[in-house]
Structure formats: structure tokens, C-alpha cells
Amino acid sequence: MEKTIAAKTGNEAMAEAMRQINPDVCAAYPITPATEIMQIFAGFVNDGKVKTNLITVESEHSAMSACVGSAASGARTMTATSSQGLALMHEILFIASGIRLPIVMADVNRALSAPINIHCDHSDTMAERDSGWIQIFSENSQEAYDSMLQANRIAEHKDVITPVMVTTDGFIISHGMERLEMYPDAEVQKFVGEYKGPYNVLDVDHPITVGSIVLTDYYLEYKKAQHEAMKAAKRVILEVGKEFGKTFGREYGLIETYKTDDADFIVIAMGSTAGTAKAAIEELRLEGIKAGLLKIRVFRPFPAEEIAAVLAKAKAVAVLDRCESMSNQAGPVATEVKAGLYDAGVKVPLASYIYGLGGREIYIEDIKNVYRELKAIADGKSKPEQAKYIGLKA
Amino acid sequence: MSSPKQASAVETKFIGGHRACAGCGFPIAIKEVLSSSKDPVVVVSATGCMEVTTTIYPYSAWKVPFLHDAFENSAATCSGVEGAYQSLKKQGKISKNIKFVAFGGDGGTYDIGLQSLSGAMERGHDMLYVCNNNEAYMNTGVQRSSATPRGASTTTAPAGKVINGKQQNPKDLTEIMAAHNLPYVAQTTVGMWPDATKKFEKAFSITGPKFVNIYAPCIPGWGYDTSQTIKMSKLVVDTCMWPVYEVENGKYKINYKPAVKLPVTEYMKTQTRFKALMKDEATIAAIQANIDAKWARLQLMEEATNKV
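As they're listed, the protein sequences go chains S and C.
Heads up: the first sequence runs through residues 1314 to 1707, numbered per the numbering used here.
Heads up: the second sequence runs through residues 25 to 332, numbered per the numbering used here.
Calculated from the structure, these hints are not laboratory results.
Misleading hints may appear alongside valid ones.
Unchecked claim - Simulated pairs of lysine to any residue, SDA-like, Cα-Cα distance not exceeding 20 Å:
| # | chain 1 | residue 1 | chain 2 | residue 2 |
| --- | --- | --- | --- | --- |
| 1 | S | K1471 | S | Y1508 |
| 2 | S | K1364 | C | S119 |
| 3 | C | K62 | S | V1517 |
| 4 | C | K226 | C | E272 |
| 5 | S | K1509 | C | E272 |
| 6 | C | K226 | C | H204 |
| 7 | S | K1364 | C | T289 |
| 8 | C | K120 | S | A1622 |
| 9 | S | K1660 | S | A1622 |
| 10 | C | K114 | S | N1359 |
| 11 | C | K113 | S | Y1508 |
| 12 | C | K114 | S | F1357 |
| 13 | C | K299 | C | T289 |
| 14 | C | K114 | S | E1534 |
| 15 | C | K281 | C | L322 |
| 16 | S | K1628 | S | T1570 |
| 17 | C | K87 | S | V1527 |
| 18 | S | K1509 | C | K120 |
| 19 | C | K37 | S | K1628 |
Unchecked claim - Selected chain C positions facing chain S (in silico; Cβ < 8 Å):
| # | residue |
| --- | --- |
| 20 | F38 |
| 21 | K87 |
| 22 | A94 |
Positions of the beta carbon are idealized from the N, C-alpha and C atoms, including for glycine.
Isolated chain C, as found in the complex (with noise of 0.2 Å):
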């Protein structure tokens, strides 16, 4: 676990003159992830925000390797890619100690690339998935995703004047990860960054088929000033929208548990992409009471697989 101001006196592994946005929650997530390995780690990354505003050709954000292949494969192509490594280590052409890392965003990972990543994960592959979670398929423009939150508006369900914004609750892709037995799942977020950072550093500990899922705030998706990410990913984590957790070799442990749990619409009155909800009362209950009952599962789980 680091801090913030540690991280900066190392040397950063990925470089300032891309071109993600102002304020963008990746780029920090990325460094969350380079800062937490102490072997050299190669990325492979998904088509998205992340690979199309750090690698135009000529130049390149990353002093590691970086491949990327397509969009919905980010998963596979970096098990080739660890497969190659391990079959190089065993004829001993290769003797370093490298670590593995596929990024895909919320579309790359949720949607488009579940099977890719449930089948590396199911594989065993020793390396570490990291979703970067924003919640909708940003680099095409806004539109919904299988991670967008119920009610949030979207180029592709947008707040219309029949229906209002998303109509269904996003998928819990880290339960689904966390089904895969793998030995460490966790969730976590990008303002978070001692959280973050641990849980990188724990996964790069762990030998086998890792995942996390942060929460990278989206400023034009989600409509905030540039200021505020690191705001968004830690409100959202106060409401229990998202929250932090890990689950090791089965065992449930929520990292952080907010002492006032504030309600959702504290989290979504900051946002532009929520304006037409905060209009739907019933919507919002609905939010609430399915958050409310997440929030009580996850306890639940906690207490249960620490029992077991």
C-alpha cells in the first residue's frame, strides 16, 4: 500500500501527453496498478478510452510493454501472452519474474468480453484482470452498458419523455468473478487510492487468475466538473452503491464501511447523467431498496464465508 505522494517519488511507468480527458478517473487507475508491482509487468489492454488516447501512433503513454488486440478480448489475448512466458520460462529462453495485466473497460468486460475473461479466469492464467469500470461504452459516446446503473441517462437510453433514462440495475460482475472461485476478487475505486493499491499489491502477491473491478468516474459520461472524480468515486462508496470489498480464496472482507451509509440520491444529485431521475420518486425508491438489499447480502456473505 502506498500513498499517493510515495507513488509520485517513483518512477511513473505511465506518462503525462495523452489524451484522455481532464480529470479522467483511468489514468489514475493505471497508475494505481503500474505503482503496486515490484517485477515488471506487461500490459495488454482492451479497444476503449484507455488504448485509443495513449497509444496514437507515433507516440505512447507507456514505458511497459503494451498490447493491444481488440475490444472484447483483452482477456484472451493477455493469457497468450502469459502462456507464451510460461512456455519461454519452462525452456528457460526467459528468466525474469514478469507480471500480467488486462485492462478492459465496464463494455470490454461486462458485455463484450465476458466470455473471453471468464474463460481465461477458468484457464488459470497467473495474471490480474482489471476492469475499469465507468459505468457505459464512453469512448463511443455514452451509451448503456451492462454496468450502467438503473435510471442513469445514456445516449442509447437516454431520458426520454416515455421512458427515463436505463430501465434495469446493472450486473454484479464482481459476484460473477467472485463464482469463478478465483483466488482474489475485489472491488475497489479510483479515488480510494491506499485501498486501491493495496488490493494491486495483493493480487500481484497471489500466483493464478486475479481480478478487480475499480471505479473510474467518467466526466463528459457523467456529467461533473473536472474537479470532482476523485469525489464521485469515493461518494459512491459512502451510499454503498459500490462498495469496497475483496473476497480471498472465498472469504468475504469489506474493506470500508461508511459510518452514516448516505442515501443514493446524494450520490446522484452531483450528476448530470441522473437530472431526469431525480424527478421519479418510485425510481429512486427502487434504486434505494435494491442497494439497501446488496448492501445487506454483502454482510451477510462477509459474516458467512468467515464462518465457514
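One chain only, chain S, in its complex shape (with noise of 0.2 Å):
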């Protein structure tokens, strides 16, 4: 297969990601860093590179909700948005899961105000981590690329068929240029296939109802049908991550481990402060320290056993959150990890940081700090901390 090596940004990958896909319908509106995708994206509509109608709705709400309406009517339908974007769709996030709806959002993690504040941290996705939505994150444009490529296979799986958003770091990745590897139009279209919607509202001679009224007689079934869908969400993300490995030569897990075998310290991080902590452990390891990054790429559904199956030798484990969840426990992140944890008995000493919100940096010298607190936890000099800040000012 021939492979296009390219110079894009985030934003630019997930452009080119959509173009690729060519969905039938495209419903957004703009938003600071996401903006970007649709704009680039705009550009294809015009020059007749796709076929998307694209709709440029008033707002994010509308934005979903016109989602909403193309993808119950036989569409392929696809969005991008951030933060407060995000925040304001956050009513028809649930509408779009629970009437079972494959829509494909590009979502640019960025803080939620107030302050307003445009910059990278991970408060937008993690507030509709129980929306429904199956959560992909990216450490990199080529992550954000790839998994858009495989998003549209997990959402439209006959046992899944659950709306899908691939996550990208704003600016870290959204408007960092790095080096992309592209595949071919016709091999990429081969692999996501002809888009068959889970019903039709357009099907005008076998009208259905859509959006019912549920009450109490039906709505519990209703909810554990999709969580039924989100078990086999699992094993569909692995399925099709281990197919784009054949097909493409990345394979893709819901986790990604790094010199965790013999890991005595494991870091939990997502997006793109895994490539930082990759970058800390070289570092350590030179130190003769046996440091290791556990990188959580899908979030819903939580691989919380696949987790615990990793940290179990661990001596001691930091969870890394990019989002405060003002619970006084931890954030999000290291709250679901403790949960795994004790249900699969595994009884390690686990400290809880929250770091570069508002997209306050973190540099390969505070990754190194925590590994360090890890030993001395390790060591019985310390005892874990939660929530513990990361970079604030002295």
C-alpha cells in the first residue's frame, strides 16, 4: 500500500479523515480549536472533493440535533466541536446514544469555562463521560487519524451502534504539525464500508416512531439494552483496532502499555501527555528506575480489568488527570481506576494528581517528580496523596 507521509496538524488529520470517510452529512458549527476541521473540511464541500452536505447550523445544539435527524434518516453523519461546544450539545449527546444513533464527532479537549480559557485539558469530554458516547482519545495527530478511520466501524457495529468521539488535545495536537502517514482514498472507503443505518425515518413506505415516550414500564430495558451495547463495544473496538493493524500496519487496544512488564512504578495518563511520560521513563530508566506508562485510550467503555491486569505487580501507581471532578477524591480518571481496582482485588498504593488544566504545561521534569514520589511511596517514606496538583505557581 502506498502511504502518503505528510506534514498536518490535528485538526488537519481529522480534515483529512472526514474527507476520506466522505460522510453523507456534516452538521457544525465553529469553536476555538476545533474550528479548523470544519473549515478545512468546508473547503472539500466546495471544491467537490465529497459528497457531504454540509449544514452550518447557529449553535452546537443544533449542530447535534441535526445530527440527530440526519442519522435517523439513513445517513452517515459526522460533527467536530470543543469545550463549550461540547457542553451546550451535552442534551442531545444523550438523545443521539439512547435512540441509538452512530454519529462521528471530532472533539477538540479543551477547558470549560468559567474562566474562559481556550487551552487543552480534558473537563469537556470527561463531563459527558456518561453520556453514552463511546470515548476515543489521541496522543498524536497519526492516533486521531487513525482512530477516525476506525470510529465509524465501531459506532455503525450491528451490537454496538452507539455514537463514537474521537478525542485530540486543543492546540498540543489540534495545531501541532507533525508527521502524518496517510493511506490511499480507496483502501481507507474499503475498510470503513458502505455506511447501513440501524433504521430509517426516510423509509416513508415503513414508517416507524422514533423518540417515543418511554416510561416506567420499558425505559429500564431501554438503558440496559445500551449497556449491553457498551460491553460489546469493547470487544468491537478490539476487533476493529486489530483489523486496521492488518490493513494499515498500526494496530490499536483500548490501552496502550509502555515498559510496564517489569514496571515497578506505573503512570496512567491520556492524550498527549502519554508521548511526555514516554519521554520521562527513557529518561529514568537510565536512572535505573523501572518506570512505566499505562495509556488509557478508550475511556467508554472503561477497560477498568484490562487495567487492573496491568497494574497488579505493580509497587505503585499514579493516575495522571487532566480534570478536576471537584469530588475532594480525584479526578475522573483516577476515580474509575480505584474502582477497577477493587473489583478485580487488586490492592496497590495508588496516588491521585491533577495537572495542566487550562492547558498549564507539564514537562518531562514533573512526570519524573511523580515516578519519584511513586519510590518513595514505594519506600515507605511517603504516604499517597490525592488530587495533588501538578505545576501550580510557588
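Make one complex out of these two single chains by using the hints.
This is the structure in C-alpha cells:
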């Protein structure tokens, strides 16, 4: 297969993936730092490079509403947003997943107001973690591009039929220029396949009612069906990730481990920080510290068993949360990791950290310090702290 | 244009067994809409009485495709349905001519869904938006909306000892939609079947965004007998509180001018929501003055736009 090597930003990579997928409908609204994705895509539409009907709505609420209407009409449907835009979609995200529409969205992680801030953290995506969407995080542009190409296959799988959001870290990935390996359009289209929606309100000969009021007698069963779909999603994500690997050469799973096999100390991170952590590990290994990384790629469905299995032999673990949940306990990732460890019967000292809110830089040295703190915990010199802030001004 | 008798001879796409109140106005509106298109129709509805009483799972009163998304986004959702249709038709994946209708109540249209409606109309989707106006939030128990007439008692603007019902005149949504320069904007009432169906037929015959505001009385919200829905929806027209008119490509046409314009009290005294207002002569005079001014303005608009 002839691959094209190009220098692309995360937003360009996302837009290129959308061009190759060539959806029937996109409905979107501008918001920093995701705006570019739709700007670039609008160029593809107006240059006739895609068949997509681009609906330039008047808000993100209407963007997701139009996506619901479109996806319910047998059309492959995509959108892109960020931060306040995702928050404005909140109500309709639950409807999209509830009435089982396989919409695919590119979400660029950005802090939520207030105070208003345009830079990266995961608070927007984390606020939607219970919306019934599959959530895939990306370490870099390549992963974002690759995951976008897998998203439709996952969302549209008959055992799943659940919307998917693929996220990149605002500015860090969205505006960072990187080496991107792109695959030929025809190969991508062959992999993604023809769209077959779960149902279609345009089938006027077989009229159906969608979005019914479902009361005490069926609501619970409705939700259980969604619960089962999310369970099936774990299997399907792995299957699609494996097939992607066979086709394009890069296999994807629910998590990625980096030097965890012999690791005494494991840090858990998501998104671009995983790359920084890998660099920190390289330096620590030279110092003789057995450091490892567990990167969570798929946050929904949450790979609890897989995480617990990796952490079982570690002497101490740290979870880095780029989001506050104001629970006084820990950030959302740490809270979920701890719940998974409890269920698996794994008892390992775990420290949780909050970092990078509003785009605050995290450096290799910051992460090396985390490992050093883990060592101190393992040596009995200190106790694990929860929701400890990294990088605060003195 | 059809009569109810003619319409009853065609297979209905909206069937009985739904749980709307006896005598409710909106099922009449639905039948008027659905009987006015020769092409198949896809319906999108906002949350409200219409949706909750006709789609109680696992039942449905709809024999046309029906999609409900949320409260404030009927127009945006319908724009997505129509957008998908345009895309699939262009790709040759669909060949039928299909019409698209978005329904919303006055709460879902005048208030919470106004932005969604304005956006969808501005974008020019080939769809008809029908506002089913019963002048308050009826599904949640008669709260005031921006369509509620001045002086009406609602649960959030009750007739109290100090403040007597709603203090403001209603928003004029039909004029707001006319200001969008749509090819077709109209106001009608469920009780004038020929007028309503003529307007819906015309709306379906025009390509592009259309808006029809239909007056649909609510028995528990307004307080009148179940047998009087048609009477209520005609009486309001004879007082000129709800003129039936249309704006086609900017030209106004008043479809019915009462031979004798009745005082607003002739309408108000028939409903318990105005009971406390009946003792407040000053407010009644102010309401009458407002209605008179608006009626005069409407006639001037008709005259002026037909001269252009």
C-alpha cells in the first residue's frame, strides 16, 4: 500500500480523515480550537472533493440536533466541536446515544468556562463521560487520524450502534504540526465500508416512530440494551483495532502499555501527556528506575479489567487527571481506575494528580517527579496523596 | 383545500387511540397538515403534549415516519432529516419526493426553540414548520409563554390579589418569521378547516422554508367545555386577536375579515383563564387598544405590500 507522508496538524489530520470517510452529512458550528476541522472540510465540500451535505447550523445544540435528524434518516453523519460547544450539545448527546445513532464526532479537548480559557484540558470530554458515547483519546495526530478511520466501524457495528467521539488535545495536537502517515482514499473507503444505518425515517413505506416517550414500564430495559451495547463495544473496538493493524500496519487496543512488563512504578495518562511520559520513562530508566506507562486510549467503555491486570504487579501507581471533578477524592480517571482495582482485588498504593488544567504545560521533569514520589511511597517514606496539583505557581 | 368531510374519506395518517384530551385542538391541526400533502410526509416533533400523548411506547398514533428529539430543537432536527434527504437524493440513493414537517408548541417555538427555528429557516431547508399555538406551556401544566395573551391567568402568572395574570402582550412570532423573508408565512386556526388546509397545501407546493402558525385551543389550559374547541378557534378570529392571513413572497393577504369585529371581551368571557381579568376594565381597554392597533397595522401591511 502506498502511504503518503505529510506534515499535518491534528485538525488537518481530522479533516483529512473526514474527507476520506466522505460522510453523507456534517452539521457543525465553529469553536476554538476545533473550528479549523470544519473550515478545512468546508473547502473539501465546496471543491467537490466530498459528497457531503454540510449544514452550517446556528449553534452546537442545533449541530447535534441536525446530526440526530440526519443519522435517523439513514445518512452517515459526522461533526466536530470542543469545550463549550460540547457542553451545549450535552442534552442531545444523551438523545443520540439513547435512540442509538452511530454519529461520529471529532472533539478537541479544551477547558470549560469559567474562567474562560481556550487551551487544553479534558474537562469538556469528561463532563460527557456518562452520555452513552464511546470516547477515544489520541496521543498524537496519527492516532487521531487512525482512530477517526476506525470510529464509523465501531459506531455502526450491529452489536454496538452507539455514537463515538474521537478526541485530540486542544492546540497541543490540534495545532501541532506532526508527521502523518496517510493511507490511500480507496483503501480507507474499503475499510470504512458502505453505510447501513440502524433504521431510517425516510423509509416512508415502512413508517416508524422514533423518540417515543418510554415510561416506567420499558425505560429500564431500554437502558439495559444500551448497557449491553457498551459491553459489546469493548470487543468490537479490539476487533476493529486488530483489523486496522492488519490493513494499515498499526494495531490499536483499549489501552497501550509502555515498559510496564517489569515496571515497579506505573503512571496512567491519557492524550498527548502519554508522549511526555514516555520521554520521562526513557530518562528514568537510565537512572535505574523501573518506570512504565499505561495510556488509556478508550475511556468509554472503561477498560477496568485490562488496567487492573497491568497494575497488579506494580509497587505504586499514579493517575494523572487533566480534569477536576471537585469531588475532593480524585479526578475522574483516578476514581474509575480505583473502582476497577477494587473489583479486581488489586491493592496497590495509588496517588492521584491533577495537572494541565487550562493548558498549563506539563514537563518531562514534572512527570519524573511523579515517579520519584511513587518510589518514596513504595519505600515507605511517604503516603499517597489524592488530587495533588502539579505545576502550581509557588 | 378540502372540507373535513372530504378529508374523512381519505386514509388517515394520524389514528385514534392517542391520549390527547377530548376536544383537544392539536389533533385537528395534525390532520389538517397530513391531509394537505399528496407526497409522503416525514414528521419531526418537539417535546410537548403532541409528542407525549401520541407516542407512548410501545404504541404510536402516527402512520407516517415520526421523529422526536428534544424540546427546543424540532426545526434543527428536521433540518438534519431534510439535509440527509438532499444528500441521499443527490447521490441517487433515494428517488421519492418527500415533504418534511416540524411541529412545535408555542413554548417550543416562541420561546425555547426560537433560535433553532430561525436558524433552520435562514438556511433555507425545504421544510414546513408548524407552530401549534395554544398560548401556554400546557404539557407541564399551563405556565405562561411569550405567546400567552395579556391578562390570561396561568400557573406561573396567576390571577393574584396584587398581580392579575400575565402582564405582557404576546410576542408576534408570525411577524418575526415574515421578517425572515421566507417564501411563505401564514397564520391560521384549527377551526377554519378550509383556510388551514389551503395554507398547508400551498406551503407543501412551495420549495424552501415555510412557516405556519396555527391556533389550537387547549381545554384544561383555557377553561372551556370540550365541545367548544372549534367555536373558540373561530371566535378569536372574529375579535381580530388572531387574524388569519398569509405572507407570500413578502405580500400580505388577510384571508378573512370579520363583517362585524367583535370586542375582545366576547372571546375572553368564554374562558376561565380570563375570569379575573373581566373585572379589570383598564387592562381590558389596553388589550383592546393593542388588538385594534395591530389589526389596523395588518391591514396597512396588506395594502402597502400589494402596492410594491
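Now for the hints, and whether the structure bears them out:
1. K1471/S x Y1508/S: 12 Å, holds
2. K1364/S x S119/C: The hint holds at about 17 Å.
3. K62/C x V1517/S: 13 Å, holds
4. K226/C x E272/C: 10 Å, holds
5. K1509/S x E272/C: 40 Å, violated
6. K226/C x H204/C: Cα-Cα ~18 Å, so holds.
7. K1364/S x T289/C: 58 Å, violated
8. K120/C x A1622/S: Violated. K120/C to A1622/S sits at ~55 Å, over the 20 Å cutoff.
9. K1660/S x A1622/S: Holds. K1660/S to A1622/S sits at ~12 Å (cutoff 20 Å).
10. K114/C x N1359/S: With a Cα-Cα distance of about 15 Å, the restraint between K114/C and N1359/S holds, given a limit of 20 Å.
11. K113/C x Y1508/S: 15 Å, holds
12. K114/C x F1357/S: This hinted pair holds, its Cα atoms lying about 17 Å apart.
13. K299/C x T289/C: 10 Å, holds
14. K114/C x E1534/S: Between K114/C and E1534/S the Cα gap is close to 39 Å, so the pair fails against 20 Å, i.e. violated.
15. K281/C x L322/C: 11 Å, holds
16. K1628/S x T1570/S: 16 Å, holds
17. K87/C x V1527/S: 19 Å, holds
18. K1509/S x K120/C: 19 Å, holds
19. K37/C x K1628/S: 68 Å, violated
20. F38: At about 11 Å, which exceeds the 8 Å cut-off, the nearest Cβ of chain S leaves the hint on F38/C violated.
21. K87: 6 Å, holds
22. A94: 6 Å, holds
The earlier numbered hints that this structure contradicts are 5, 7, 8, 14, 19 and 20.
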